[in-house]
Structures are given as C-alpha cells and as structure tokens.
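Based on the sequences and whatever the hints tell you, model everything.
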Amino acid sequence: MQKLSHIDEKGQARMVDVGAKADSKRRAVAQAIVKMKPETLAMITNGQMPKGDVFACARIAGIMAAKHTWELIPMCHPLPLDAVRVELAPLGTDRVRIEAEVSCTYHTGVEMEALTACSVAALTVYDMCKAVERGMEIGQVCLLHKSGGKSGAYQRQSED
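Going by the working numbering, 112 is the number at position 112 of the sequence shown; the sequence numbering is gapless.
Since the hints were derived computationally from the structure, they do not count as laboratory data. Where hints are given, some of them may not hold.
Computed beta-carbon distance windows for the label pairs [stated by the list, open to error]:
| no. | residue 1 | residue 2 | range |
| --- | --- | --- | --- |
| 1 | G11 | V141 | 52 to 60 Å |
| 2 | G92 | R14 | 42 to 50 Å |
| 3 | K51 | P74 | 29 to 37 Å |
Glycine residues also receive a C-beta, built at the ideal position from the N, C-alpha and C atoms.
Here is the structure:
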C-alpha cells in the first residue's frame, strides 16, 4: 500500500513538508455547475437580480477564495499565486458553468485553489439568487486539468 503523504507514522494528519521540492510552473483548471430554473438564469443574464450583477460578484468571490484557500483547507500551504481567472457563463437555459484557472511557480500545486475558487463562486451565485429561487443545485465540481510538478499533467476525460 502506498504511504499517504498527509499521514505521519502514528496515523495522524499532518501538513506535508514541501520545502525540498523544486519550484515549477503550476497550473490547474476546475469547474462547477449551478443548475437553476430558466427564469432565474434569464434574470441573471438580463441584469434583473435584486442583489446586483451575479457574475461580477461571483467572479470576485472566486478570486478571493483562491487567494485564501490555505486558510480554509487545513493542510493547504499558502501559495504565491501568479494569476487567478474565474469565468461564469450560461450553459443552456438552466445552468451556469463556472471555470477557474489558477497558476503559480512554486513547489506545490494549485488544484485546491482552483476547486475552491469554483466552489465559492458557485455558492455566491446561490447567495445572489436565493431570494428568487432556493432550489438551485451546485454540482459537478471537478478538476479539469493540472500541469507542473513531479506528478506531471492530468487531463479529465470527457464524460459525453
């Protein structure tokens, strides 16, 4: 059985020592989907939500979340992020697709930052729209791509 890097010899959780790892350019892309009624999505795209611009607020929330991932996920390291991009777009008539791309040059990856950005952006969409619809669903939060580091590249296979 492979030894888990976040578990010490006593079986207790620990933060991994990444100090000896070489710096490399790291990049991760993740996504989340928010499902809602077509009427709710129409209100978003037409700028009719009572709380304001849903996509702008969610984009900023996602960027902020990526920068603070280490404060939210116990074993994450604080990272010197080079860039965070969060994009939101309608997907069909009843969904919003959120994609986050995070990059840095460091000795540990940025997958958690990309996933956190998507998750918090999705929660922000929910918060901005809950007065209109409480039945929205957040799902399909997943890593799409990662590059850099010892483990190399990962590309999620399409589920179509």
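Which hints, by number, does the structure contradict?
Number 1 - this is the single hint that the structure violates.
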